[in-house]
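Chains A and B, in that order, give the protein sequences.
Each residue of the first sequence is one higher than the last, beginning at 0 in numbering that gives the first Met the number 0.
Each residue of the second sequence is one higher than the last, beginning at 0 in numbering that gives the first Met the number 0.
Treat the hints with caution; some may be incorrect.
The calculated lysine to aspartate or glutamate pairs, modelled on EDC-like cross-linking and capped at a C-alpha distance of 20 Å, are [what the hints assert, rightly or not]:
id : chain 1 : residue 1 : chain 2 : residue 2
1  : A       : K60       : B       : E124
2  : B       : K165      : A       : E55
3  : B       : K111      : A       : E54
4  : A       : K60       : B       : E145
5  : B       : K111      : A       : E51
6  : B       : K136      : A       : E35
7  : A       : K62       : B       : E29
8  : B       : K156      : A       : E55
9  : B       : K141      : A       : E39
10 : B       : K141      : A       : D5
11 : B       : K175      : A       : D5
12 : B       : K167      : A       : E35
13 : A       : K62       : B       : E20
14 : B       : K137      : A       : E35
15 : A       : K57       : B       : E29
16 : B       : K16       : A       : E641
17 : B       : K161      : A       : D3
18 : B       : K30       : A       : E55
19 : B       : K117      : A       : E39
20 : B       : K167      : A       : E1
21 : B       : K156      : A       : E54
22 : B       : K13       : A       : E1
23 : B       : K23       : A       : E55
It should be emphasised that the hints constitute simulated quantities derived from the structure, not laboratory data.
Since this is a predicted model, take the numbers as computed values, not measurements.
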Amino acid sequence: MEKDIDLINAYLNNSLSETERLAFENRLKTDATFYEFFVEHQTILKGIERVELLEEIKTSKNKYLISKWLKYFGGFVLLITITIIAYSLCFSAQSGEQQSNNNTSFEVVKDSVLNETIADSISKCITVKYHKKQIFLEERTKAFGGVEIVKDTIIKEVIGSYTIEEFKSAFPKNIDFKKENDTIFVNPNLLIEFEKAQQIVLKENKNNEATKAVSKNVESFFNPTKKEAQIVTFNASEDYKVTLKEGTEILIPANAFINSKTQKEVTGNVSLEVTEYYKLSDMLLADLSTKSYDQILETGGMLYIEAKKNNSNLKLKQGKELEIVFNNKGKEDMQLFNGDKIDGVMNWNLPESIDILSSQSKSISQEVSLSSEYYENTDSSSNFEFLDVVPRHPNCEPGDNEQLKQCFNEEITKFVARKFNHEIGEKLNLITKENIYVSFEIDRRGNIGKIEARSKYDALAAEAIRVLELFPKVVPGKINSRYVNVKYRFPIAYRILGSENSIPVTRTSGMIFQQDSALIIGNKKEVQKEIEEKPISEVSKSDLERYTLSTTQLGWINCDRFINSRKNKIKYNINISNAEGANVKLIFKSMSSILPSRASNGFYDFGVVPVNEEVILLGIKKKGDKIFLGLKELRIRATSEEQDIDFKEVSLSELKKELIKLNSNF
Amino acid sequence: MSDDKIMALFKNGKREKAFKELYKLYPRIEKLILSNNGTKADANDVFQEALIILNRNLEKSDFKLTSSFYTYLYSVSRFVWKDTQRKFTKQELHNLQSEEVLVFDAVLEEQKYKSAEKAFRELGERCQQLLQWFYVKKMTFKVIAEQMRFKSEKVAKNQKYKCLQKAKDIYRTQSKTVQS
């Protein structure tokens, strides 16, 4: 038997010789028992084989299942991604539709929608608001076909606050208003009646008793008088520019917002709520003042900006900034301040990193002269050659870079020659030629800043800085069509004409400026200009003079400058005997400044103020539900003064009128 | 993957990969079994059987796949399932077409192998391993003796003979009980 098995194995393994195989097959045909034995053996072997096969099939199956699930998982992930994309697409499309629906209903509401809001139930008052809806239609072609984008702006203005009884008596015909949440919608044509009913009644607070701290009363008074914000809705994924009612322009870059809680980038429609404060009356009504710690500021306009999406607050993403063009001009060195209330008094801070701009953009060194030794202090590896477009002086015709450079050099030479105070050179009794090494930066908005000058004589260096500070704005240089900061370095060779023969000459008109390269270590001074303006090519000339600032923060924003008057300053406080906790401010006539005060026992402390300034002392106090306004013009003379103010009772509308009268002082 | 590519995998000895590809047809076979009162476990067994039969036939030199893998596996599965259910009527068997007869033969033949497998599985672990190594992995007795710590090749060979004999015995008794 064992032999037969060996033989069968050999046969199955094909290891028999031809004759052996034939003999084997012959035996199968003739020997029935052997055949049966062979079949049985083969069956067992195939049974054994099955074990192996089944094992293989199982592993294949598992592999198949794994790959299937991987595919499902991948598909799932893909599906989710697609869903998200589709959702966001649909959503934006939907919101677009919604807005166009708005547009159709716009026919109904036409020019204005009037509604009243019950401000808060505790004080049971009705704030009457005037809603104006502006709808801008814009058609854009998108990849998915034309999409109609409707941008609408709702401008709200508070007309006044009323209790329900007062409201009913003031507007008797409107008693049957319909209430919806806290807002009551009234027929648009009722607007006329609101305008007729000039008398505006102050909100009555029954919880308030006259004995309570009056200053608190005053504070609460300011809340309803505050201006209503203008609400602008726009798509956060696109650059957006808006011009507000009082002329402020805000440029919002695409994708600039993140949710303050989740820190996630926000897409879709975002509403920006901005309140503009240009008028003195608006500022006073909002209890605003212009002070940065103990320094007085001069304001060029204040804004309060909030961004929201679905009632959640947004903030600016790091590296993103809003460009704000204030509707004001004429004052230099305006900077952007962010506001915080400290003990109820507005305090303005300079943002810590003013220089965010220049750290982001490449700073480029450029030599005006051909001298190569003057390369120290190069803070960037980039050089003039990397500029695609060199900065252009406004007097220069556009041309190629070489021409522009040439022209720029001529302009700056002419400018320095014209403005340089020659008396300085005379005073120094200069005989030989003196070199002044000057460097400055043209930032990406075309402003001249970071001016440095070195000379053997401090006076010459200081004068060079003074002159360059006067240098006008230029068109900034470009790399890849982006405006960049450009560094300029050049030496001024200064000598008084005719001095070569060692003869001092007092002629002042013969200044010669030439490029030279000798290095003399002198003083170093850094001056930084804070006016940041839009690239010239994009704005008109009148726009150019407006203050354009960039902010990386929302909230209270003020365009100010520090008051660096040479006048003497004193600590100033006023004793107002009949103040009774009034909110007292000083309004500076010569500059747009409002100074708050700290009150204690009738003494109002204003901190350090410039002397001999004409100011208006303004007091607002509240007794019960009555408002008193006191105004007094005076000149600051002594540290401590006693002043009485004539307070007279005013209604809210009278107060507004009085304050508006002061606007001419700003 | 096309049938040609799967066939190439079989020819190149990449059986596992081929099986993996063929498993893509499983859901459809599962439907067939489920719609014929079978469970998922039944479907799984049937499909395994179908794959084994397919592989068996592919190894035969005279076998030619005349249809797609799916058609073949489908008809095999159908026969396997009907066979286990013993639902063939005489009429049905009579009306079988020549190709179907081949499939049916293959199914019946595999039944025998399956019971041989069952017999084999009743052997001791050592016996199973020894037979597998020798018959499936084609290992020499020398290597087997070393691996399984037999004193010599001869002992290994002897042991194998005994194991095989035992499997045959079990198989025989099995078929007898089935027949009776």
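Here is how each hint holds up against the structure:
Taking the CA atoms of A:K60 and B:E124, the gap is about 25 Å. The hint is violated against a cut of 20 Å. For the hint linking B:K165 to A:E55, the alpha-carbon distance of about 26 Å lies beyond 20 Å, and the restraint is violated. For the hint linking B:K111 to A:E54, the alpha-carbon distance of about 19 Å falls within 20 Å, and the restraint holds. A threshold of 20 Å between alpha carbons decides the hint, and for A:K60 with B:E145 the separation of about 34 Å lies outside it, so the pair is violated.
Note on B:K111 and A:E51: the hinted pairing holds, with a Cα-Cα distance of about 16 Å set against a maximum of 20 Å. The straight-line distance between the Cα atoms of B:K136 and A:E35 is roughly 25 Å, outside the 20 Å bound, and the hint therefore fails. Under the criterion of a C-alpha separation no larger than 20 Å, the hint pairing A:K62 with B:E29 is consistent with the structure, at around 18 Å. Proposed proximity of B:K156 and A:E55 is contradicted: the alpha carbons are some 27 Å apart, above 20 Å.
Under the criterion of a C-alpha separation no larger than 20 Å, the hint pairing B:K141 with A:E39 is inconsistent with the structure, at around 26 Å. Of the pairs offered as hints, the one joining B:K141 and A:D5 holds, with about 16 Å between alpha carbons and a cut-off of 20 Å not exceeded. Between B:K175 and A:D5 the CA atoms are separated by roughly 27 Å; this puts the pair beyond 20 Å, and the hint is violated. Among the hinted pairs, B:K167 with A:E35 is consistent with the structure: their alpha-carbon atoms are about 12 Å apart, no more than 20 Å.
The suggested pairing of A:K62 with B:E20 holds, with an alpha-carbon distance near 10 Å, which does not exceed 20 Å. Proposed proximity of B:K137 and A:E35 is contradicted: the alpha carbons are some 24 Å apart, above 20 Å. Distance restraint check for A:K57 and B:E29: the Cα-Cα separation of roughly 16 Å lies within the 20 Å cut-off, and the hinted pair is therefore satisfied. Of the pairs offered as hints, the one joining B:K16 and A:E641 is violated, with about 101 Å between alpha carbons and a cut-off of 20 Å exceeded.
Only pairs whose Cα atoms come within 20 Å are accepted, and B:K161 paired with A:D3 is accepted, the gap being roughly 14 Å. In summary, the hint linking B:K30 to A:E55 is not supported, as the alpha carbons are separated by about 23 Å, beyond the 20 Å threshold. A distance of roughly 14 Å separates the Cα atoms of B:K117 and A:E39; the hinted pair therefore holds under the 20 Å criterion. Our distance criterion of 20 Å between C-alpha atoms is met by B:K167 and A:E1, whose separation comes to about 13 Å.
Simply put, B:K156 and A:E54 have alpha-carbon atoms about 26 Å apart, too far for the 20 Å limit, and the pair is violated. Taking the CA atoms of B:K13 and A:E1, the gap is near 34 Å; set against the 20 Å cutoff, the hint is violated. For a cut-off of 20 Å, the pair hint linking B:K23 to A:E55 stands: about 16 Å separates their Cα positions.
Figure legend: structure checked against the earlier numbered hints; hints not met, in rising order: 1, 2, 4, 6, 8, 9, 11, 14, 16, 18, 21, 22.
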